[in-house]
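**Student:** So you can see what is in the structure, the chains are spelled out below.
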Amino acid sequence: MIVNGYSVTRATPAARVAAMLGAIVLAILIAAPWWAGRADLRLLGELFLYLSLASLWNLMAGYAGLVSVGQQAYVGFGGYMLFALTMFAGLPPVVAIAAAGVLGALISVPVAALIFRLRGAYFAIGTWVMAEVFRLSFAQISALGGGSGSSLPVGIVKSLAASRQSREWLAYWLALGAAVSVILVVYLFLRSRKGLALTAIRDNEMAAGSLGIDIWRTKFAVYVLTAALTSIVGALIFLQKLRISPDAAFSVNDWTAFVIFIVVIGGIGTIEGPIIGTLIFFALRETLADLGTIYLMVLGVVAIVVMLKAPRGVWGYIRDRFDLNLFPLGYRVSRTDPKES
Amino acid sequence: MPDTILELRGLDAHYGDFQALYGIDMQVTEGEVLAIIGSNGAGKTTMMRSISGLLSNRRDQIRYRGGAIGNLRADEVAHKGIALVPEGRQLFPSLSVEENLLIGGQVGRQGHWNLRRLYDLFPILEERRNVPSTSLSGGQQQMVAIGRALMSNPDLILFDEISLGLAPVIIKDIYTALPGIIGQGMSAVIVEQDISKALSVSSRVYCLQEGRVSLEGASDTVSREDISRAYFGID
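Going down the list, the sequences are from chains A and B.
So the first sequence is numbered by numbering that gives the first Met the number 0: it starts at 0 and just counts up by one.
So the second sequence is numbered by numbering that gives the first Met the number 0: it starts at 0 and just counts up by one.
No lab work stands behind these hints, which were simulated from the structure alone.
Since the model is a prediction, treat every value here as computed from it, not as a measurement.
Backbone N, C-alpha and C define an ideal beta-carbon position, used for all residues, glycine too.
Accuracy of the hints is not assured; some may be wrong.
Straight-line alpha carbon distances no greater than 20 Å define the calculated EDC-like cross-link-like pairs of lysine to aspartate or glutamate that follow [said to hold, decoys possible]:
{"no.": "1", "chain 1": "B", "residue 1": "Lys171", "chain 2": "B", "residue 2": "Asp154"}
{"no.": "2", "chain 1": "A", "residue 1": "Lys193", "chain 2": "B", "residue 2": "Glu98"}
{"no.": "3", "chain 1": "A", "residue 1": "Lys193", "chain 2": "B", "residue 2": "Asp59"}
{"no.": "4", "chain 1": "B", "residue 1": "Lys79", "chain 2": "A", "residue 2": "Glu131"}
{"no.": "5", "chain 1": "A", "residue 1": "Lys218", "chain 2": "A", "residue 2": "Glu204"}
Simulated coverage check for chain B against chain A, where a stretch passes if three residues somewhere in it have a Cβ under 8 Å from a Cβ of chain A [as the list claims (entries may be wrong)]:
{"no.": "6", "region": "78–88"}
{"no.": "7", "region": "93–100"}
If we strip away everything but chain A, and leave its shape as in the complex, we get (with noise of 0.2 Å):
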């Protein structure tokens, strides 16, 4: 659309290019069983779900500022549902993986209405809390192992496909795509009327709330939708491991704290942000692993130099020197006629 020599338009060349760019890789990472290797199809299967945490992390704290550290809560629980719904429901392994995820959302609005009651950084203490009292909880339950855990039985792993080659192919593809739909609902809801009041009490609560916009429920909404996806992630994280202990599965190291550096140096409150940040993060794990405690050292360096040189992230960063947007989610405006400006 032209108006008075400015062009207005929603999607931009840099994403209509990535668009297609996207579904070329795509289409690449599908054909991955037929030219990866067995570890690099494990080690991108582990990719695409940190990628899908990290989505979803952003979407809690980068768009509706609720900053949690106790996420785990949710991975562990949809890796515990895996497991009980598989062996005591006697449930297919997929189904009771999207079960996890309405398990998920269920539970998470007994858990809403508590910690909402908690502002900035006493809501992120209370979600730890919250977390920590999962753990505990299913460290009480015998059937599943109590505190030493338990691994998946042999009848239910065979019965996801019969050779170890097809449940390899099948966990990857599964991973895959629990990224591309996790992006998907991310940037879907983004773009919806609730998405439009998340961006609005982003970028003024006060007003957002003055015009009816029901801050609380709006919260709430993605919390609960952030719990189920989760959820349903936690169970194919540990559908891929095939054995759950508490301990691995409420872990904030592994399931938050990991999960927040991918969001803050890709860039928060973006799209882009986490697949730039779990790029990141894999890299150098895979390069710097070998050296133990400097490996983390060398990650908290990175985390401290991103936040002072480039607040807002690697994508941020990016994105504000070159105006890319590849998610567009607004509106954007340039002048169609260079004389008139």
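Assemble the complex: chain A is given as a structure, and chain B must be docked to it using the hints.
**Tutor:** The following block gives chain B in isolation, referenced to the frame of chain A:
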């Protein structure tokens, strides 16, 4: 005699230990335009924030259409039919002009105002409907802020410092448009530092001084001396 739409009964307001309003009594009747004047720090914006639910008060201190609303949240107040045009516009920078206006319509109240009628009122906004709201001039941003409030089809609209920071020619345009806005059966409370402008559009005026009502009267009968005394607290 028209019904009272809004009533303040001994309204107190606090920011922590600091008390900003002391027992304000005020009534607004159906279709009336009321002006609130007063110097900086007199409590005008605090009063707007209290009425619109941005500051929580005792339930009975604010009554709207006979019901107590003093303790309602801002979004609940908006659903009752009270809209605020806040001081400083407070637009959403990530959203386009039209998206800012549509946000106002999320309350879902039916009435006279829709996008078409708003664009008829402020044609420049239709031309610039898809640009980011922050790329507009101050006057155009004020039009968006007014339009955003109108999109909720309120029965009572609160204008907080409607002309603050705007060029005189823009202020004139906005005041020219005001009768067309308020003429739709709406009541209005206008907070304004420009006394002559406030008196020209209102039927009654209240002056606040240090959180208390220092003057109340019909806009066409209060004298300049009365206003000076009430405004500055000097004889």
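**Student:** If a hint holds in the structure, say so; if it doesn't, say that too.
**Tutor:** Right, here's what the structure says about each hint:
Distance check on the hinted pair: B/Lys171 and B/Asp154 sit about 24 Å apart at the alpha-carbon level, beyond 20 Å; violated. A threshold of 20 Å between alpha carbons decides the hint, and for A/Lys193 with B/Glu98 the separation of about 12 Å falls inside it, so the pair holds. With a C-alpha separation of about 33 Å, the suggested pair A/Lys193 and B/Asp59 falls outside the 20 Å cut-off, and the hint is violated. Taking the CA atoms of B/Lys79 and A/Glu131, the gap is about 42 Å. The hint is violated against a cut of 20 Å.
At roughly 11 Å between alpha-carbon atoms, A/Lys218 and A/Glu204 fall within 20 Å of each other, so this suggested pair holds. Against chain A, the region 78–88 of chain B contributes 4 residues with a C-beta closer than 8 Å to a partner C-beta. That satisfies the three-residue criterion, and the hint holds. Counting residues of the region 93–100 of chain B whose beta carbon lies closer than 8 Å to any beta carbon of chain A gives 4, which meets the minimum of three for the stated coverage.
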